[in-house]
Amino acid sequence: MGNNFFVYVQQLEMLAFFSGYPLIYFLIRFLTHNVTLKNGWEARIVSILPFAYALIGSLYLGLQLKNLYPDYTIVNIKYRFQQTYLNIWAVMSILFWIPAISKKQVLSILHSLIFFFLVLRDLFFQFAGFSQNRDILKNDMRIYTVSIFLNLAAVTVLALLSFLLSFRKKSQHHDTATGDPSWLGMTMPGKKTTESDAKTDSMQIKVTYPHDNSQLYL
Amino acid sequence: MKQRSEKILLALLVIISITGYITSCTHENQVLPPPATNTPVINRGSGVFLPGTLTVGDTSQWKFDQVHCSVLWSGNYLGAAGLLTGRFNAFGISSISTAQKMQYVTSGQPLKDTSWAFYENDPTKTYFNGYVQMNTSNTGEPGRDGGCYLGYVSAPKIISGTQNLIDSNIAVIKTTQVVLDPNSPGYIVTMVLTWKGLLAAPHDTTINGTLSYVKRETVGAGTASAYDVFGLQLNFTFNCRSFGMTTTEISDAITVQCNMNFNNK
Chain A
1 MGNNFFVYVQ QLEMLAFFSG YPLIYFLIRF LTHNVTLKNG WEARIVSILP FAYALIGSLY
61 LGLQLKNLYP DYTIVNIKYR FQQTYLNIWA VMSILFWIPA ISKKQVLSIL HSLIFFFLVL
121 RDLFFQFAGF SQNRDILKND MRIYTVSIFL NLAAVTVLAL LSFLLSFRKK SQHHDTATGD
181 PSWLGMTMPG KKTTESDAKT DSMQIKVTYP HDNSQLYL
Chain B
1 MKQRSEKILL ALLVIISITG YITSCTHENQ VLPPPATNTP VINRGSGVFL PGTLTVGDTS
61 QWKFDQVHCS VLWSGNYLGA AGLLTGRFNA FGISSISTAQ KMQYVTSGQP LKDTSWAFYE
121 NDPTKTYFNG YVQMNTSNTG EPGRDGGCYL GYVSAPKIIS GTQNLIDSNI AVIKTTQVVL
181 DPNSPGYIVT MVLTWKGLLA APHDTTINGT LSYVKRETVG AGTASAYDVF GLQLNFTFNC
241 RSFGMTTTEI SDAITVQCNM NFNNK
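One line per chain: the protein sequences are A and B, in this order. 1 is the number of the first residue of the first sequence in the working numbering; add one for each residue after it. 1 is the number of the first residue of the second sequence in the working numbering; add one for each residue after it.
For the record, the hints were derived by calculation from the structure and aren't laboratory data. Careful, some of the hints might be misleading.
To be verified - Below, a sample of chain B positions facing chain A; criterion: calculated Cβ distance under 8 Å:
no.	residue
1	Glu6
2	Tyr21
3	Thr23
4	Ser24
5	Val41
6	Ile42
7	Ser46
8	Gly86
9	Arg87
10	Val105
Where is the CB? At the ideal position from N, CA and C, for every residue including glycine.
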């Protein structure tokens with residue numbers, strides 16, 4: 001940990017973002033192996049894990065940028081990033097947004113294990129008697145708990161987004177196939193949207209295009 | 001095989017996490033249960049301490065250990081600033097009869113320190129009669145102690161090798177009542193302070209003070225020379241203007257602390 005309190009706080013920040021990922025990763029993989037969901041959702045949830053990790057990395061980067069604001073000079077960055085290599089390693093997690101990298105899921109777990117080992121190290125020091133201060137481990141475990149929830153939230157958010165996008169794609173596909181144009185804002189005969197529409201619905205079909213609200217009467 | 005390794009890794013992570021939580025659990029943030037009562041718990045023993053005849057070697061007789069005791073006084077310098085403090089070099093626990101108010105050519109205690117009794121659990125039987133020799137005040141400034149101070153308190157000069165117990169040189173306390181303090185393990189003492197000061201004759205004033213008991217302990221336990229000690233501390237405040245003191249060098253209120261130690265050697 002070093003004697004610098006500032007360094008310790010930075011380390012806690014990294015633990016808060018990344019240390020919970022390994023547990024969430026293996027937990028979700030374990031659950032998806034043992035549960036069968038509709039339409040192969042288990043595989044999809046597993047596939048978004050590296051993206052969830054990238055999302056966490058982006059949030060971490062955001063926090064660092066916020067901390068640096070408004071002085072983004074090299075001197076300030078050097079001053080702020082006391083554990084340079086660890087900080088760079090943490091920021092590198094945004095690379096998992098790149099599909100080519102996120103395909104190799106094991107890379108994300110290897111990346112996050114570095115931070116989990118920091119918790120493991122403090123636990124070992126406590127057991128080995130190198131550290132008499134139990135508060136360090138107590139802090140670690142609190143932050144670790146936060147990290148687990150944060151990572152779980154990231155996976156949940158991405159899973160929901162994935163589900164919504166998939167649903168929308170499906171409905172688009174379905175509408176194209178069945179001719180139901182409701183997703184485009186089309187008004188079908190019998191569907192009275194305004195009084196004037198009601199007057200003409202027996203003769204006309206009004207089509208409203210959502211991108212420019214232009215209307216077409218058929 | 002891959003799935004099995006993942007299961008093992010998951011189990012490992014869970015075990016490490018649980019171990020971390022258990023190890024870090026210190027219970028330090030647990031809210032303590034409220035006290036059963038707001039009244040302080042006071043446990044008084046049943047010790048009885050009497051001077052007897054001061055027979056050396058009689059462990060039932062308690063001797064006043066004057067050389068390890070002190071009578072300290074303090075008052076605000078100029079009545080406004082910090083404390084001006086001093087101590088009396090000569091004092092004792094003895095009542096002084098009219099006939100005994102004289103000068104004694106001795107370097108030791110002029111009277112036997114036997115005018116006291118302390119009952120830990122029965123304060124009605126507790127009493128003290130004590131005195132100080134006013135001209136033995138020691139503030140650490142010999143020029144002041146043997147000079148202007150003597151004028152401020154109207155005390156005679158020190159005669160080397162003489163203990164002076166005449167009226168103009170002694171301030172005496174005599175307890176009239178000792179009761180248990182309901183809020184502490186100590187006692188509340190009512191006493192009469194008698195001092196001539198700058199008045200024509202000795203003046204009596206009734207004051208209250210607090211008395212605390214320092215529990216009996218054995219010194220050198222397990223050895224042939226083991227003996228017991230206990231202590232008493234008396235605190236009180238009086239108004240020096242009641243005794244004709246007019247100097248503005250010190251505040252009206254003078255606080256006195258008597259630290260008394262006893263042994264049964």
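Here is how each hint holds up against the structure:
{"no.": "1", "hint": "Glu6", "in the structure": "6 Å, holds"}
{"no.": "2", "hint": "Tyr21", "in the structure": "6 Å, holds"}
{"no.": "3", "hint": "Thr23", "in the structure": "6 Å, holds"}
{"no.": "4", "hint": "Ser24", "in the structure": "4 Å, holds"}
{"no.": "5", "hint": "Val41", "in the structure": "32 Å, violated"}
{"no.": "6", "hint": "Ile42", "in the structure": "36 Å, violated"}
{"no.": "7", "hint": "Ser46", "in the structure": "44 Å, violated"}
{"no.": "8", "hint": "Gly86", "in the structure": "47 Å, violated"}
{"no.": "9", "hint": "Arg87", "in the structure": "45 Å, violated"}
{"no.": "10", "hint": "Val105", "in the structure": "65 Å, violated"}
Hint violations for this structure: numbers 5, 6, 7, 8, 9, 10, all remaining hints satisfied.
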